[in-house]
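A.B. asks: Residues per chain are reported as follows:
There are 10 protein chains.
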Amino acid sequence: MLVRLLYASRATHAMSEAELQAILKSSREHNPATGLTGLLCYSDGIFIQVLEGGRDAVNARYKAIVDDQRHRDVIILSYEEIGERHFAGWSMGQVNLHRLNPALVLKYSATTKLDPYAMSGHALMALFQELVNTGAIVCS
Amino acid sequence: MLVRLLYASRATHAMSEAELQAILKSSREHNPATGLTGLLCYSDGIFIQVLEGGRDAVNARYKAIVDDQRHRDVIILSYEEIGERHFAGWSMGQVNLHRLNPALVLKYSATTKLDPYAMSGHALMALFQELVNTGAIVCS
Amino acid sequence: MLVRLLYASRATHAMSEAELQAILKSSREHNPATGLTGLLCYSDGIFIQVLEGGRDAVNARYKAIVDDQRHRDVIILSYEEIGERHFAGWSMGQVNLHRLNPALVLKYSATTKLDPYAMSGHALMALFQELVNTGAIVCS
Amino acid sequence: MLVRLLYASRATHAMSEAELQAILKSSREHNPATGLTGLLCYSDGIFIQVLEGGRDAVNARYKAIVDDQRHRDVIILSYEEIGERHFAGWSMGQVNLHRLNPALVLKYSATTKLDPYAMSGHALMALFQELVNTGAIVCS
Amino acid sequence: MLVRLLYASRATHAMSEAELQAILKSSREHNPATGLTGLLCYSDGIFIQVLEGGRDAVNARYKAIVDDQRHRDVIILSYEEIGERHFAGWSMGQVNLHRLNPALVLKYSATTKLDPYAMSGHALMALFQELVNTGAIVCS
Amino acid sequence: MLVRLLYASRATHAMSEAELQAILKSSREHNPATGLTGLLCYSDGIFIQVLEGGRDAVNARYKAIVDDQRHRDVIILSYEEIGERHFAGWSMGQVNLHRLNPALVLKYSATTKLDPYAMSGHALMALFQELVNTGAIVCS
Amino acid sequence: MLVRLLYASRATHAMSEAELQAILKSSREHNPATGLTGLLCYSDGIFIQVLEGGRDAVNARYKAIVDDQRHRDVIILSYEEIGERHFAGWSMGQVNLHRLNPALVLKYSATTKLDPYAMSGHALMALFQELVNTGAIVCS
Amino acid sequence: MLVRLLYASRATHAMSEAELQAILKSSREHNPATGLTGLLCYSDGIFIQVLEGGRDAVNARYKAIVDDQRHRDVIILSYEEIGERHFAGWSMGQVNLHRLNPALVLKYSATTKLDPYAMSGHALMALFQELVNTGAIVCS
Amino acid sequence: MLVRLLYASRATHAMSEAELQAILKSSREHNPATGLTGLLCYSDGIFIQVLEGGRDAVNARYKAIVDDQRHRDVIILSYEEIGERHFAGWSMGQVNLHRLNPALVLKYSATTKLDPYAMSGHALMALFQELVNTGAIVCS
Amino acid sequence: MLVRLLYASRATHAMSEAELQAILKSSREHNPATGLTGLLCYSDGIFIQVLEGGRDAVNARYKAIVDDQRHRDVIILSYEEIGERHFAGWSMGQVNLHRLNPALVLKYSATTKLDPYAMSGHALMALFQELVNTGAIVCS
Ligand SMILES: Cc1cc2nc3c(=O)[nH]c(=O)nc-3n(C[C@H](O)[C@H](O)[C@H](O)COP(=O)(O)O)c2cc1C
Ligand SMILES: Cc1cc2nc3c(=O)[nH]c(=O)nc-3n(C[C@H](O)[C@H](O)[C@H](O)COP(=O)(O)O)c2cc1C
Ligand SMILES: Cc1cc2nc3c(=O)[nH]c(=O)nc-3n(C[C@H](O)[C@H](O)[C@H](O)COP(=O)(O)O)c2cc1C
Ligand SMILES: Cc1cc2nc3c(=O)[nH]c(=O)nc-3n(C[C@H](O)[C@H](O)[C@H](O)COP(=O)(O)O)c2cc1C
Ligand SMILES: Cc1cc2nc3c(=O)[nH]c(=O)nc-3n(C[C@H](O)[C@H](O)[C@H](O)COP(=O)(O)O)c2cc1C
Ligand SMILES: Cc1cc2nc3c(=O)[nH]c(=O)nc-3n(C[C@H](O)[C@H](O)[C@H](O)COP(=O)(O)O)c2cc1C
Ligand SMILES: Cc1cc2nc3c(=O)[nH]c(=O)nc-3n(C[C@H](O)[C@H](O)[C@H](O)COP(=O)(O)O)c2cc1C
Ligand SMILES: Cc1cc2nc3c(=O)[nH]c(=O)nc-3n(C[C@H](O)[C@H](O)[C@H](O)COP(=O)(O)O)c2cc1C
Ligand SMILES: Cc1cc2nc3c(=O)[nH]c(=O)nc-3n(C[C@H](O)[C@H](O)[C@H](O)COP(=O)(O)O)c2cc1C
Ligand SMILES: Cc1cc2nc3c(=O)[nH]c(=O)nc-3n(C[C@H](O)[C@H](O)[C@H](O)COP(=O)(O)O)c2cc1C
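Residue numbers (full-length UniProt numbering), protein chains in the order written: chain A, 1 to 140; chain B, 1 to 140; chain C, 1 to 140; chain D, 1 to 140; chain E, 1 to 140; chain F, 1 to 140; chain G, 1 to 140; chain H, 1 to 140; chain I, 1 to 140; chain J, 1 to 140.
Bound conformation, chain A alone:
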């Protein structure tokens, strides 16, 4: 049983580039062992992450993530049983913030500030998909 989970959260303090890379590095080390793949985006104190994998693996990791002190107000935006992954190629891809231009954010939300707490899960998933299609994901 494969599932795809999309959530957002608020960083408890502004992330430095080093702190962010630490999360990504450790994610890329952990995830292959349990078959997890996905994307992580950090911008202006907001995390958005999509996680794909077996149902048990995704839930186990999500429990760890929710309890992580580096962020709070974690809310699930979308969760579905899937037939195939969309992000199978990334053990944890990083969304390149320079592609996240204001016009793209505006397309799916009321202002140019990316605020997942004011968006539906469908809109945010569509924005993520558009980022992937335009090659805005770095590393894997």
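Hint data in this document are derived by calculation from the structure and do not stem from the laboratory. Be a bit skeptical, because a hint or two may be false.
Below, computed lysine-lysine pairings styled on DSS-like, alpha-carbon distance capped at 27 Å [claimed, not checked]: (1) F/K63 to E/K25; (2) H/K63 to J/K63; (3) B/K63 to C/K113; (4) E/K25 to E/K63; (5) I/K113 to J/K25; (6) G/K63 to I/K25; (7) F/K113 to I/K25.
Calculated Cβ distances over 10 Å to all of chain E for the following chain C residues [what the hints assert, rightly or not]: (8) M1; (9) L2; (10) R85; (11) V138.
Beta carbons are placed, not taken as given, at the ideal position from N, Cα and C, and that holds for glycine.
Using the hints provided, position chains B, C, D, E, F, G, H, I and J with the ligands relative to the given structure of chain A.
C.D. replies: Relative to chain A, chains B, C, D, E, F, G, H, I and J with the ligands alone:
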């Protein structure tokens, strides 16, 4: 933004009737304040719960529930943004176990033992809905 | 060209029953002349109104209503060209507040407090329709 | 909650090019602050405008616009909650009148004179979309 | 090839009951010979008629009707090739005007005055169908 | 309200080229004033014409055409309220008979002789559309 | 492979009741052996028959029927591979002509004379089905 | 993962009532342990059986059944992953042959002899469902 | 009324190339007069033919063909009322047998031997269409 | 009646390349005679095979395969009546294991280890189809 969340978990030890009633009692005290409604089912060491409410409220409570030491292996079975609630009438209804007869379980799973870990979220939600339709929910 | 418009607004001060009846009375006097029909609901400082009629007539009246000093923050929730009216029988029906019980509000929103500003137009229209179907409209 | 609003109105007097540019200039100054985007068309004494943005922002601005003394007979042609904007790239694009040739108007209306008061909202929105697709929008 | 035609027209002068009955009587004498069936409605100087039958027969009779000096401004509202008739039981049924109450007209149009020239063919056909369903047709 | 009307008729006598051009010439002079557009085809004593425009304009002209002594047996093949025109570019285009080859006629009818009286309106409209797509319309 | 075939034909001479019963009697004797079922209708010199059964059996019998000198101009109106029969209960039911009233014929055709040669197969099949539903089939 | 399997086979010799009851008895003893449910039908040397249960359990039992010397020519007619069982109430129901009347067989096949080898899986499943709906299953 | 008929038959004796050409030649002489078009395929003692045209013409010719002594066991595979022909370009095209390779036959049937008696009409029509698309038709 | 069957099994011992080629060689010798086509994949002790052909032929061969001592735990993943084959070009194609990279497996399953016992039939069929589309099949 309303959401409906269905999860399952394994009790860390066999629940006594009193322990179960304690969870239900406290849920019915907490839930109205944040607009949560839903159902709880306990059977043979397995919890299954459906929670409806505002997106923030459901996620906040789910974080507390996942960390509750009375159960483990919590997995989300279904999560969706909804236009209207199905269980608006129950601050936390209890599924009457005597209605959960083997034939009904068999209808949706491979054996007569209710094992949400081996079921899809759709099947379990259908079973829950059938329980509601046949009046198998007690209290509110 | 028939249209149906649903909007919400915040009363600038708490309405007395007399003030509310004044609005209804004058609406029922004005509306037939221009073929307008609809419903008005007032609860806890919030107005919600649905207006049906010819496109010109609805827009002309809506301009007057938006400028009315008795309310502010008027937002359109739904507006559509229609083939037939749903509320043809009421020159301006009043929603009976005693039918607007918490459970019904909860069915379509996160808490028991009716807050159209946090709802989609579809959800609010569905709630209104349900009020009509359960006979919760008084006068005409 | 994103919405898209399309309306038409009659100028209270024939607009000079300078008057029109004044409206556009001030719109482009105001709109970004509240996340509004859209198009404005002026032709033969008729304004047609499409406004996209957050529901509160669009309604607040629409109230100001309806009360503007430079036009009257403002009628909403279309209003919908949307998942994504169509005109995210323009803080207020101007429809280039030279592209508004008679044949294009004729395609959607009974005569070559553009008369939104005799058209359905769908037809006018289709005409606008065709103008965008054929590159008939200037500035942004 | 069966077709159904719906048209409206303006009487050139106010019809007396006798004049109207004359039209109906002669229609019921003519129509069976060519397999025509349908309904006729007269109200406030407006005729509305639906004609069903073979394509040639309907067109031949429609040519005679359009040229009839008793009315003018004849406009077709709806015309379609059909698999089966809706009004097979009436050689020319008369719509009972007392059923044509204001509320029913209002349901499909902007004011209580029945004005087919301001309505779409679909709306008027729906109104006719509703009249049939409520038994508002007299004679046959 | 835009409509599209397709009809066929039988010429009362064989048309000379000059007579046909006279009809086309006068149509192209009349039609722009009332916003009419369309196509005319003459072949072997049969006229087929499609007329698009405002509902009143189309019906007024159709009344004149039906009474024209140059043809008889006028039958409507298709009539529909439309959102946009298909033939907006022609005040009255002439179907080039040399494109009306036998194989194309055969595609939509039982023999190579074009006989609209034995065809459904859909088939004839499809044939016309194919003629337009293959550039078989001359003048405008 | 089950099929259903509907055809019409013209009797070469007016059938007497005895001649008709002879056809029906022999059909009921022949058909069970090859698993054929169906209905036969004779009216005013026209036969209409529906035959259901295995593909080979229906075609073999149809070849015999086409060559039968008692009728001519046999045309297939409908032929389809089916998942289940509609007329499994009749080895060859006879359509009771007294139920074939003018109004029913008129519902599906241009005049009250039943003329399958001027009808589509769908319309005729619908008329037959309606006869069955109203109990108009005698014997079996 | 629940599946439903429908197969047919030819008995290697004519079954006595005792032999048939032996198969049913042993099936009802075996099946509950592995969560299998279903129906068995024997008629004129032909077995037809539907088996529902977990994918592993159904396949394991099917392997045993295919090798059973009491029948041969076993062919699968239908096999699908299912969300819920249709025959959850029978550990192995027996189809009552007296309900299997010729007319019902004829409805789904070319002759009155039930021959699954000449039928599609859909048709046979429909016939079985109809037997269940008409109460033709005995024991459980 | 246009129809398309597909049938298969068994040659009463093996056709020589000359005999086959005789059938094709005479078909191409006869068919244009009655507006028939289609394809003929002969292979290993089996004829398959598709005939398109007016309903009367197709049925009249089919009667002649069924009685032709050069083949027997004629079975209709498909028959439908159509809006437009697929084979309007061939008065009687011949399927080039060299394109009828085993792989193509296998795609639609159980073995490499083309046996229409064991195929559904849909499958055979699809095979024919594929032959046309791959240019496997010679002459016309 | 064509069917397509997909199954998986566990090799009773690790297959050598020679053993695998022996199975493929013998399959390619047997299959053409009964019109079977398909693909075979062996990886890490797991066989996955798709078989297409006539219903009797597929079932007869499947019985032989299930009893083959070289594997066990054979489970059907998918079985359907089909209109046309997907793998008509291979008497038994071999899936090239070098194309079966981890990312592709991950796309359809929870971990990079291909485990058909934990997958739905749809997912595995999709993976197979993707292998064919990317040219990962060798020999035929
Ligand atoms: C925004 C965010 C995203 C994270 N994503 C992942 C992830 O994809 N995989 C992962 O293993 N840990 C991730 N972590 C780290 C986990 O929260 C947690 O620290 C880690 O799973 C601990 O794993 P361990 O207890 O197995 O060492 C993330 C943390 C944050 C704050
Ligand atoms: C199976 C299960 C279901 C629960 N459901 C709810 C619930 O619906 N509402 C609730 O408030 N607490 C529920 N709880 C208790 C929470 O886990 C937690 O103890 C409680 O939310 C603590 O609330 P507090 O920290 O606000 O006191 C549940 C616990 C278990 C084990
Ligand atoms: C919440 C609310 C709803 C109203 N609804 C209507 C109405 O349906 N019809 C109406 O004529 N006036 C309505 N009014 C009053 C109008 O705002 C305005 O006072 C009235 O149209 C003035 O009409 P007049 O200028 O033609 O006298 C409403 C006012 C409020 C505050
Ligand atoms: C046809 C028309 C279109 C307008 N469009 C906009 C617009 O898109 N944005 C805007 O800020 N003002 C627009 N205006 C001006 C407003 O009506 C109003 O003057 C302006 O919002 C006043 O803003 P302020 O009160 O915040 O200064 C428009 C005016 C007209 C006549
Ligand atoms: C509103 C209206 C409806 C009519 N409907 C019919 C009709 O259904 N059938 C009919 O034969 N004549 C109808 N007539 C009369 C025809 O216009 C015309 O007088 C009549 O067909 C003349 O027939 P004749 O020339 O065959 O005598 C109608 C006239 C009017 C004004
Ligand atoms: C086949 C045919 C097609 C015609 N099409 C048109 C047309 O498209 N527009 C038009 O104005 N007249 C058309 N006419 C001419 C009209 O029948 C009629 O003569 C003309 O509208 C008279 O217009 P008037 O009375 O305004 O001079 C057509 C005539 C025939 C015979
Ligand atoms: C209108 C009509 C319908 C017939 N229907 C049937 C029929 O359903 N079954 C049948 O066996 N013969 C039917 N027949 C008779 C056949 O045409 C033919 O005479 C008969 O099948 C001869 O059968 P035989 O050659 O086996 O004796 C029908 C004949 C006519 C004229
Ligand atoms: C037509 C037929 C249907 C059968 N159905 C079942 C069945 O539903 N369950 C079952 O356990 N055995 C069934 N059997 C018997 C099995 O073929 C086999 O004898 C049995 O599963 C042996 O089980 P064992 O080896 O575990 O003793 C059936 C046999 C036949 C011939
Ligand atoms: C397989 C086959 C296909 C035939 N196709 C046609 C055809 O398409 N057109 C045709 O006129 N005759 C066709 N015939 C010949 C007819 O069966 C018959 O001989 C011919 O229509 C006699 O026509 P006639 O009686 O008008 O001379 C075909 C014959 C066979 C055996
Ligand atoms: C994984 C696997 C796949 C096989 N696939 C085929 C096959 O496609 N065709 C075939 O004839 N035999 C296949 N076999 C071999 C059969 O199991 C069996 O040995 C063979 O059909 C014996 O045929 P015979 O008894 O006719 O000699 C396969 C065996 C295995 C283990």
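A.B. asks: F/K63 and E/K25: Cα distance at most 27 Å?
C.D. replies: Measuring from Cα to Cα gives roughly 25 Å; hence the hint holds.
A.B. asks: Just to be careful, I want the Cα atoms of H/K63 and J/K63 compared with a cutoff of 27 Å; is the pair within it?
C.D. replies: This hinted pair holds, its Cα atoms lying about 8 Å apart.
A.B. asks: Per the stated criterion, does the least C-beta distance between C/M1 and chain E lie above 10 Å, as a non-interface residue requires?
C.D. replies: 7 Å, violated
A.B. asks: Straight-line Cα separation of F/K113 and I/K25 no greater than 27 Å?
C.D. replies: 23 Å, holds
A.B. asks: Taking the minimum C-beta separation from C/V138 to chain E, is that value above 10 Å?
C.D. replies: For C/V138, whose nearest Cβ neighbour in chain E is about 18 Å away, the distance exceeds 10 Å, so it holds.
A.B. asks: When you check the alpha-carbon spacing of E/K25 and E/K63, does it fall within 27 Å?
C.D. replies: Cα-Cα ~19 Å, so holds.
A.B. asks: Please confirm whether C/L2 is truly not at the interface, meaning its C-beta sits more than 10 Å away from all C-beta atoms of chain E.
C.D. replies: 6 Å, violated
A.B. asks: What's the verdict on I/K113 and J/K25, does the C-alpha distance respect the 27 Å limit or exceed it?
C.D. replies: 24 Å, holds
A.B. asks: Given the hinted pair G/K63 and I/K25, is their Cα-Cα distance within 27 Å?
C.D. replies: 25 Å, holds
A.B. asks: Holds or violated: B/K63 with C/K113, Cα cutoff 27 Å?
C.D. replies: 25 Å, holds
A.B. asks: Beyond 10 Å from chain E, beta-carbon-wise, is C/R85?
C.D. replies: Violated: least Cβ distance 5 Å, not greater than 10 Å.
Checked against the numbered hints listed earlier, the structure breaks hints 8, 9 and 10; every other hint is satisfied.
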